[in-house]
Amino acid sequence: MNHRAVMAIYAFEMKRFFRTLLQSFISPVISTSLYFVVFGAAIGSRINQVEGVSYGSFIVPGLIMLTVMSQSVSTASFSIYFPKFIGTIFELLSAPVNYLEIVIGYVGASATKALFVGLVILVTSTFFVDLNIQYPIAMLAFLVLTCISFSLFGFIIGIWAQNFEQLQLIPLLIITPLVFLGGSFYSLSMLPPFWQSVSLFNPVVYLISGFRWLFFGQGDVGLVWSLVAMSLFIAICLGLVWLIFKTGYQIRN
Amino acid sequence: MTDIVETRGLTKTYKDGVKALRDVNLNIREGEILALLGPNGAGKTTLISTLCGIVQATGGYARIGGFDIETEYRSARRLVGLVPQEVVLEPFERVINTVRLSRGLFGKPDDKELIERILRQLSLWDKRKSRIKELSGGMKRRVLIAKALCHEPRVLFLDEPTAGVDVELRRDMWKILRELRETGVTIILTTHYIEEAEAIADRIAVVNNGEILLVEEKDSLMRRMGYKILRIELKEMLREIPEKLAEYNLSLADGGTTLVYIYDTMHDSTGITRLLQSISGAGLKLNDIQTTQSSLEQIFIDLVREDAA
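Protein chains in written order, with this note's numbering: chain P, 1 to 253; chain H, 254 to 562.
Source of the hints: derived by calculation from the structure; they are not laboratory data. C-beta: ideal position from N, C-alpha, C; glycine also. Incorrect hints may appear among the rest.
Partial chain P-side listing against chain H, Cβ under 7 Å, derived [what the hints assert, rightly or not]: (1) Asn2; (2) Arg4; (3) Phe90; (4) Gly108.
Once the Cα atoms are required to be at most 27 Å apart in a straight line, the calculated DSS-like pairs of lysine-lysine come out as [as the list claims (entries may be wrong)]: (5) Lys380(H) to Lys428(H); (6) Lys497(H) to Lys481(H); (7) Lys272(H) to Lys84(P); (8) Lys538(H) to Lys471(H); (9) Lys380(H) to Lys84(P); (10) Lys393(H) to Lys84(P); (11) Lys268(H) to Lys246(P); (12) Lys246(P) to Lys84(P); (13) Lys361(H) to Lys84(P); (14) Lys386(H) to Lys428(H); (15) Lys365(H) to Lys386(H); (16) Lys538(H) to Lys15(P); (17) Lys428(H) to Lys393(H); (18) Lys361(H) to Lys15(P); (19) Lys84(P) to Lys471(H); (20) Lys380(H) to Lys365(H); (21) Lys471(H) to Lys481(H); (22) Lys382(H) to Lys393(H); (23) Lys365(H) to Lys393(H); (24) Lys393(H) to Lys380(H); (25) Lys471(H) to Lys497(H); (26) Lys380(H) to Lys361(H); (27) Lys393(H) to Lys361(H); (28) Lys428(H) to Lys471(H); (29) Lys488(H) to Lys471(H); (30) Lys272(H) to Lys246(P); (31) Lys361(H) to Lys382(H); (32) Lys84(P) to Lys268(H); (33) Lys15(P) to Lys380(H); (34) Lys428(H) to Lys365(H); (35) Lys246(P) to Lys361(H); (36) Lys538(H) to Lys481(H); (37) Lys488(H) to Lys538(H); (38) Lys84(P) to Lys15(P); (39) Lys15(P) to Lys365(H); (40) Lys393(H) to Lys15(P).
Could you put the whole structure together from the sequences, leaning on the hints where they help?
As structure tokens, then:
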């Protein structure tokens with residue numbers, strides 16, 4: 001393993017993050033505050049409790065997942081698409097690094113950035129609601145896994161994309177709707193039975209539910225199903241990344 | 254001198270059927286400067302890109318420093334530095350950081366002294382904290398060279414390193430390349446500037462249609478394929494070559510006032526003395542005589558034309 005190469009990619013990507021640290025910090029704080037104002041104060045005041053938890057607290061895991069998923073995808077896809085776009089990818093391809101090292105460097109940096117944003121939201125939310133996290137360490141681990149898996153997914157999108165429109169296409173048309181309809185701001189039990197069944201085909205439901213389970217000890221589906229979904233998602237992403245580098249798809253012409 | 258790069262039957266066929274490399278067999282000696290000459294689309298960049306791992310070969314094999322570029326790619330690539338044709342750098346990054354990234358990618362620990370030495374050698378030390386977008390085009394090219402050199406490669410590939418740079422910078426680059434060769438670095442460069450190959454290369458490889466047409470010492474190539482042109486300016490104008498001069502294969506130029514004679518300097522006899530005697534015998538009076546040496550450019554054009562024919 002070329003550890004130094006992994007660290008070089010990671011450090012280089014993190015420098016890009018630190019260049020816009022203020023923006024990276026302020027943006028989630030403002031958006032979280034707005035969500036709490038709109039969903040917590042305006043709508044939450046009409047909803048007493050959801051599954052024994054105040055609505056304000058109930059939306060915290062969904063809010064974190066919503067931001068972390070979209071942040072992971074957008075950061076990772078951009079970080080690999082940009083070198084492709086400007087041509088600096090040649091440096092990676094001609095260096096003594098294998099695909100795993102490239103992925104660890106880029107995905108690691110992207111996951112770190114998303115984790116930072118997730119933690120900022122978590123801390124910000126404590127200013128609005130009381131949070132009593134039942135399994136804090138497992139919750140953190142699940143958050144890290146979510147950051148990694150969606151960064152992997154973003155990495156694949158970045159490799160696949162041939163222009164900036166395509167880069168935005170999947171996050172905008174697939175990720176955002178799936179996350180919004182995946183129980184970020186509501187419990188599946190609040191839906192009519194038909195839509196409950198339809199929602200179970202949405203993979204994001206299992207991830208948000210699992211994360212919420214670790215907060216409050218309950219979710220829309222059992223924790224085991226959430227862990228299976230997470231493992232499957234990571235396995236599929238890793239398989240696709242392996243295939244991309246094996247065949248040189250979109251990078252080694 | 255041992256060979257540091259060796260290719261056998263190296264082939265690259267793109268998905269659309271275009272054959273960019275056809276059965277390329279090439280040996281590059283350690284410590285030499287080899288210039289790859291060829292017209293646009295000849296396959297020069299594909300050859301370099303394949304050796305560096307950017308393009309996957311579809312046939313044959315290549316070794317760098319004895320390491321196969323596919324099966325022992327880590328060892329092979331550690332020996333290689335690449336300066337690409339396009340100026341591809343992250344515009345918002347600082348010079349020093351982008352150079353450090355390159356060294357790190359090759360698995361080398363940070364070496365402040367070495368990086369300082371390279372940046373000073375390339376007159377970039379004062380600009381080390383500048384962002385790439387703030388640099389001039391020439392400086393950006395130097396940054397690319399610094400990035401390629403910072404992991405101390407034994408083989409340096411330069412894909413048209415002086416394309417679009419001014420004459421002064423071009424000569425500076427030649428100086429840098431010569432200095433690098435003195436330290437034992439093998440240099441392979443593609444160029445459109447024949448003058449460049451003529452000025453710094455030890456050997457010339459001519460590439461056309463994905464094939465290597467020849468690889469030869471520059472001096473011997475110029476001796477072997479070079480020729481001289483004798484231009485004889487006459488006092489009077491001729492409509493046609495006189496009968497007495499028919500055997501010399503002369504041509505008329507400048508509206509009939511100049512006789513042009515092409516001869517091979519490698520021959521025992523150039524035929525000049527006899528030609529001048531025959532001209533005098535034909536009653537022609539001379540105004541002036543000039544000789545010019547064919548350049549590498551003419552040799553290159555002749556080779557490519559010959560290949561096309």
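Hint-by-hint comparison with the structure:
Contact between asparagine 2(P) and chain H, as hinted, is supported at the beta carbon level, the nearest pair being about 5 Å apart and thus within 7 Å. Hint status for arginine 4(P) relative to chain H: holds, with the closest Cβ pair at about 5 Å, below 7 Å. Proximity of phenylalanine 90(P) to chain H holds as hinted, the smallest CB-CB distance being about 5 Å (cut-off 7 Å). For the restraint placing glycine 108(P) at the interface with chain H, the shortest Cβ-Cβ distance is roughly 14 Å, beyond the 7 Å limit, so the hint is violated.
Under the criterion of a C-alpha separation no larger than 27 Å, the hint pairing lysine 380(H) with lysine 428(H) is consistent with the structure, at around 21 Å. With a C-alpha separation of about 23 Å, the suggested pairing of lysine 497(H) with lysine 481(H) holds against the 27 Å cut-off. Using a Cα cut-off of 27 Å, the hinted pair lysine 272(H) and lysine 84(P) holds, with the two alpha carbons roughly 24 Å apart. At most 27 Å may separate the alpha-carbon atoms for a hinted pair to count; lysine 538(H) and lysine 471(H) exceed this at roughly 39 Å.
Taking the CA atoms of lysine 380(H) and lysine 84(P), the gap is about 26 Å. The hint holds against a cut of 27 Å. Pair hint lysine 393(H) plus lysine 84(P) holds up; C-alpha atoms about 19 Å apart against a cutoff of 27 Å. Note on lysine 268(H) and lysine 246(P): the hinted pairing holds, with a Cα-Cα distance of about 16 Å set against a maximum of 27 Å. Annotation: proposed proximity of lysine 246(P) to lysine 84(P) holds, straight-line Cα distance about 17 Å (limit 27 Å).
With a C-alpha separation of about 24 Å, the suggested pair lysine 361(H) and lysine 84(P) falls inside the 27 Å cut-off, and the hint holds. For the proposed pair lysine 386(H) and lysine 428(H), the alpha carbon gap of about 26 Å is at most 27 Å, so the pair holds. The hinted pair formed by lysine 365(H) and lysine 386(H) meets the criterion: a straight-line CA distance of about 23 Å does not exceed 27 Å. At most 27 Å may separate the alpha-carbon atoms for a hinted pair to count; lysine 538(H) and lysine 15(P) exceed this at roughly 79 Å.
Distance restraint check for lysine 428(H) and lysine 393(H): the Cα-Cα separation of roughly 18 Å lies within the 27 Å cut-off, and the hinted pair is therefore satisfied. With a CA separation close to 19 Å, the supplied pair lysine 361(H) and lysine 15(P) stays within the 27 Å bound. Under the criterion of a C-alpha separation no larger than 27 Å, the hint pairing lysine 84(P) with lysine 471(H) is inconsistent with the structure, at around 38 Å. At roughly 15 Å between alpha-carbon atoms, lysine 380(H) and lysine 365(H) fall within 27 Å of each other, so this suggested pair holds.
Restraint check: the Cα-Cα separation between lysine 471(H) and lysine 481(H) comes to about 17 Å, which is no more than 27 Å; the hinted pair holds. At most 27 Å may separate the alpha-carbon atoms for a hinted pair to count; lysine 382(H) and lysine 393(H) meet this at roughly 13 Å. Our distance criterion of 27 Å between C-alpha atoms is met by lysine 365(H) and lysine 393(H), whose separation comes to about 20 Å. For the suggested pair lysine 393(H) and lysine 380(H), the alpha carbons sit about 11 Å apart, so the restraint of at most 27 Å is met.
Only pairs whose Cα atoms come within 27 Å are accepted, and lysine 471(H) paired with lysine 497(H) is rejected, the gap being roughly 39 Å. Between lysine 380(H) and lysine 361(H) the CA atoms are separated by roughly 23 Å; this keeps the pair inside 27 Å, and the hint holds. The straight-line distance between the Cα atoms of lysine 393(H) and lysine 361(H) is roughly 23 Å, inside the 27 Å bound, and the hint therefore holds. Simply put, lysine 428(H) and lysine 471(H) have alpha-carbon atoms about 18 Å apart, close enough for the 27 Å limit, and the pair holds.
Annotation: proposed proximity of lysine 488(H) to lysine 471(H) is violated, straight-line Cα distance about 39 Å (limit 27 Å). For the suggested pair lysine 272(H) and lysine 246(P), the alpha carbons sit about 22 Å apart, so the restraint of at most 27 Å is met. At most 27 Å may separate the alpha-carbon atoms for a hinted pair to count; lysine 361(H) and lysine 382(H) meet this at roughly 21 Å. The suggested pairing of lysine 84(P) with lysine 268(H) holds, with an alpha-carbon distance near 20 Å, which does not exceed 27 Å.
As the CA atoms of lysine 15(P) and lysine 380(H) are separated by approximately 19 Å, the hinted pair is consistent with the 27 Å bound. Using a Cα cut-off of 27 Å, the hinted pair lysine 428(H) and lysine 365(H) holds, with the two alpha carbons roughly 24 Å apart. Between lysine 246(P) and lysine 361(H), the direct Cα distance comes to roughly 26 Å. Compliance with the 27 Å bound is thereby established for this hinted pair. Restraint check for lysine 538(H) and lysine 481(H): satisfied, since their Cα atoms lie roughly 22 Å apart, inside the 27 Å limit.
Between lysine 488(H) and lysine 538(H) the CA atoms are separated by roughly 6 Å; this keeps the pair inside 27 Å, and the hint holds. Taken as a hint, the lysine 84(P) and lysine 15(P) pair is honoured in the structure, with Cα atoms around 19 Å apart against an allowance of 27 Å. With a CA separation close to 19 Å, the supplied pair lysine 15(P) and lysine 365(H) stays within the 27 Å bound. Taken as a hint, the lysine 393(H) and lysine 15(P) pair is honoured in the structure, with Cα atoms around 20 Å apart against an allowance of 27 Å.
Taken one by one, the earlier hints fail for this structure at numbers 4, 8, 16, 19, 25, 29, listed in ascending order.
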